[in-house]
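Participant: Residues per chain are reported as follows:
Protein chains: 4
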Amino acid sequence: MLFRSDNITPTCPEILAAIIAANDGDSAAYGNDSLTQGLDAAFAGYFETSTRVHPVATGIAANALALATAMPAPAACVCHAQAHVYATESGAPEFFAGGGKLLPLPGAHGKLWPEDLAKFLAAQDPARLQAPPIAVVSITQGSEAGTAYALDHIRAIAALCRRHGLALHMDGARFSNAFVALGCSPAEMSWRAGVDILSYGATKNGAMCADAVVIFEASPHAAALDRWLGHRRLRAGQVFSKMRYVSAQLHAMVSGDLAARNAAHANAMARRLTDGLLAVPGVVLVEPTDINEVFVRLPASALSGLARGGYAVKGRPEDPGLVRLVTGWSSTTAQVDGFVAAAASGAAAAA
Amino acid sequence: MLFRSDNITPTCPEILAAIIAANDGDSAAYGNDSLTQGLDAAFAGYFETSTRVHPVATGIAANALALATAMPAPAACVCHAQAHVYATESGAPEFFAGGGKLLPLPGAHGKLWPEDLAKFLAAQDPARLQAPPIAVVSITQGSEAGTAYALDHIRAIAALCRRHGLALHMDGARFSNAFVALGCSPAEMSWRAGVDILSYGATKNGAMCADAVVIFEASPHAAALDRWLGHRRLRAGQVFSKMRYVSAQLHAMVSGDLAARNAAHANAMARRLTDGLLAVPGVVLVEPTDINEVFVRLPASALSGLARGGYAVKGRPEDPGLVRLVTGWSSTTAQVDGFVAAAASGAAAAA
Amino acid sequence: MLFRSDNITPTCPEILAAIIAANDGDSAAYGNDSLTQGLDAAFAGYFETSTRVHPVATGIAANALALATAMPAPAACVCHAQAHVYATESGAPEFFAGGGKLLPLPGAHGKLWPEDLAKFLAAQDPARLQAPPIAVVSITQGSEAGTAYALDHIRAIAALCRRHGLALHMDGARFSNAFVALGCSPAEMSWRAGVDILSYGATKNGAMCADAVVIFEASPHAAALDRWLGHRRLRAGQVFSKMRYVSAQLHAMVSGDLAARNAAHANAMARRLTDGLLAVPGVVLVEPTDINEVFVRLPASALSGLARGGYAVKGRPEDPGLVRLVTGWSSTTAQVDGFVAAAASGAAAAA
Amino acid sequence: MLFRSDNITPTCPEILAAIIAANDGDSAAYGNDSLTQGLDAAFAGYFETSTRVHPVATGIAANALALATAMPAPAACVCHAQAHVYATESGAPEFFAGGGKLLPLPGAHGKLWPEDLAKFLAAQDPARLQAPPIAVVSITQGSEAGTAYALDHIRAIAALCRRHGLALHMDGARFSNAFVALGCSPAEMSWRAGVDILSYGATKNGAMCADAVVIFEASPHAAALDRWLGHRRLRAGQVFSKMRYVSAQLHAMVSGDLAARNAAHANAMARRLTDGLLAVPGVVLVEPTDINEVFVRLPASALSGLARGGYAVKGRPEDPGLVRLVTGWSSTTAQVDGFVAAAASGAAAAA
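Protein chains in written order, with my numbering: chain A, 1 to 351; chain B, 352 to 702; chain C, 703 to 1053; chain D, 1054 to 1404.
Chain A extracted, bound-state conformation (with noise of 0.2 Å):
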């Protein structure tokens, strides 16, 4: 199971304690209570300007009530064909928003291209009635192939969006692993870049169970986002009665440098994993490691080695050498050095 994904990793100690912490005497229910009231102080700080923060548990109730709100029915979103919400969520987005529909576009390296979404959205026709209207585009950083958008990308991306009316989204499951490898701050890689609502990940980065919608009211979208997404959070089974124990581990993931720490970690484990098999002979990058993703094609004897090492790695069925290894917060350097000895031996064994 190591490096199968980062949702396999416990929770970090910080987001512990500040769950325990919270566990105090009576506290006011679904939301109503201090910590959760002031989610919305916390991000700005975080985020360096107003933020409205809908805490829920997990990153596909932020997709999907994130899109909803974006894409009332019956609009569209334009997103990459290996896209989270497109290809991984059994269409929570289309369903929490009445219907709504999810346009694929392909795109190397996991990212949408400013030519390409600029060609299809030229090529729409607002006023042809078969086709749903496209409200939203959405992004994923880092991507599903384990790289990060440069700032500039999204700021090209968003500048299109600006041009037809559309908001831009940002699944950030991975958000904090993305800023830490580009080197810029949490406001830098969301709205000062031109996004309009994203999807802030925390689970993956060490929390227990706390995602969280973020909306950013410097955007012109801000207030038709904001507009009933707390009905449709309660709605949809995503506004705890015990909120408390979400919002403290928002909380503790936004203060001090908790969640760059854990992210920074975990980067540098997939870091040292890419460097350390692409020493095994016959071993092949598939995508630049940016963030906690490693894409290698590792060849049979590799393979056979981490068998023998006890190591179970799973492969695309239609293509048993492609595989994805994942770090997290909590990954050392004994099971990144275990891991490439066990592929290197396998190597070496075969040579």
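Because the hints were derived from the structure by calculation, they are not lab data.
Treat each hint with caution, since some may be false.
[Unchecked claim] Each computed EDC-like pair below joins lysine to aspartate or glutamate, with the alpha-carbon atoms no more than 20 Å apart:
(1) B:665 / C:1021
(2) B:665 / B:688
(3) D:1367 / D:1390
(4) B:470 / C:1021
(5) D:1367 / D:1340
(6) A:119 / A:152
(7) C:1016 / C:989
(8) D:1172 / A:319
(9) A:119 / D:1371
(10) B:470 / C:1020
(11) C:821 / B:669
(12) B:470 / B:503
(13) D:1172 / A:14
Go by the hints and put chains B, C and D onto chain A.
Facilitator: Below, chains B, C and D without anything else, positioned relative to chain A:
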């Protein structure tokens, strides 16, 4: 805020300990962990029958998913007009069902009564397209009026459901409070009485964020209810990436006597509160205190005494003396006695 | 079947002629034909104001689309408990709205009353997430009780809507019967009285299959209501490939005095029916006969007479003497007089 | 506009006559009339098997309702990437299904190919919650590329569906054009080949506004597909109050040889158009002309000639020479020959 709701209570020590114990190294994501995989067996033991357990994080999610699978579009559900599913969930069941309809009936003590239900069902014409076909009846046990259906009452409703081919759903947000009140087993109050699908509530009873949809395999509807419910749950953003933390809470709740113990304590505190308040001149009991909710009408004098004592008591907008008080697993006799004393002092001052 | 409904009437000659006239060679599909393109102008003339007309083929589609655009998820609509949108459309508005909620109010004569509505709206707390936010009020004119709201009544409801920021929808399935009854113009009874969006009904008044959602551009909600309604309509399967045939019916209905003439005839027949029946011993008028519907309670003797005369009269299951009789554009005085005579003969035989 | 679509054609005389004949006195509403009640029997005769016929007014409604009942939430449908249901209905099937997902596959000649489908279905893991469970496969016959599936091809797809427990839906917007092209009976091309549920299209083939969902009772899925479809239809605004006028069209279409005759004529005109255009220098046939659609690439010279002749021909935005031409029941040889002559004159002028 005291006695405002059982949702304001903290997490009980046993549940917190279970969460902390689950925080041990890597664990498979999205419900493939051993704790989640063990839920069916744990609940089977607890309910003395085969079950299919779908953990979720909120009672609204449990109800909405249970009703959505029980009333697939375009079907309808009969429930009490005060039922949480109808009156306090912002349309969640209708939304999750893709536009279903809840048909509310009145009824004393927050209960559906068999004679009313029989008449209502008999008046339906399934061939009439102008009304949605009824597929499920939902009852809340303990009810929103703080009462508990007797076992015979549940059985009579279940018999009507069977006769009309309907599923019987139980909203068990306060399931434990009710079976403790009846002095029966969880099994007797659920599938043995004819319940097909249960929203099992743990959060109000001491958990942090853990409820579950429980389908009893003995039900003739079990296969249809369970089909695709996992996918519905994922699509609803209720399959947590780190599911182990929700499942750990459920395990703790149905292991040993935690659920019964917490509920019995809350019920006893409610009973003590009722007894104390009834000794205050002018106080009228509005509903029998079967579980952990007290519905009383307080005279102005008692309200004044409470206000002077620092207790913020909220009546109904249209009836300020009509007050709901809810005790929880963490309520203390000191809290109860202090509250009663404040009310009594107000009454005494007015005399 | 006589007087069972105005839906049983055939298509009137003028409408049939318009359909036949439209059957002339090729014509652009999906509403791009000249007849459909001319609807906005035709209705603007008829309603003496700019309009956006969305033709559909059924009244349910008109209501469901109008309410769906007026109460985007997760919002709610207030209506009368007997309103067709609530009671007789199998959940269509909720479905089209992606899971919205209709909140039914009681009210004499099938009408919402301003004082009740004011109290209901005042009791809402928009910040409370447990109830859906109200976005629209729907009234039926003429009502399901065969009555017509006076202009002042509509204006009072509209004033409440404006105060609370709500849209006002009018279900005008019998719109023409009502404005004829009031002796006012279509404009006076709609946008001039504060209606924002209208389900304009032509089918019951002599068309074959033609209704329309009409948005008045004078409404402050017009832009929001009209946005994407075309796409909603296409997605609902209500943009006909050969739209000209629906549009031709609407043109005929609002050209000249056809709508008023048909409706006036139907109303007169209902008046004659009421007058005739009231002369029969034991007959009680249950609602004032404002439009083309007669609500009477018939004694058993009259029912017997009607049965002997071959008239199949259906009362309510729970009240067999309570009968709704509906006249139409094609009803004849002979039909009315024959019906009355049969009822009278029964009463006479019993005397 | 000539040859733009078969939706631009008028209503054929036989259908108009049937509508006029239906306009005879009162008739029960909402499908309780004798014409509608007789549809099951009429289609049973036409298809040589028991059927359940659900008349609707548009092809989009037929497809959306058929797929909604075949893929109840949260299930998915596999279809061709060019399928009307996926590409040209603004998300109607997803909306009617309460948020379902269409999974598009590529395939030559607008067809799903058994080997691709087999591979796709084999790669699915029903236990994987991140992807919606597949419940139905939809094919379009004749296809959006103007081609017709051979009977063996349909049977091979049906066999795959049976193996995987899926329903097979056929979008038969041009059903008659296809069975005429294959020289087989309606029965052979539908249920005998393994089709479970059919969108039967009459509108493009000469009707005014009449399509139908047809469920074959021989299908193992028939009971599940038919359950509540009437209610779904009412809720969708597709149960017309004066249903007789839609049903009359369907009766006329399946009585005698009208459907086959109209379709055979349209096919012959398409064949003549293809033959004529292929004689023009530089014209390339892009897809075989199996039915009444011609896909050709026209050289600039031919396009000029057509423009000079007053023919407005619209290619694809990205490929202006790629033209779809559609003939209909009312196309004439003079129209075809005039069109071809204009293209030829352009080519000649350029030579």
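Participant: Does the structure break any of the earlier hints, and which numbers would those be?
Facilitator: 1 and 13
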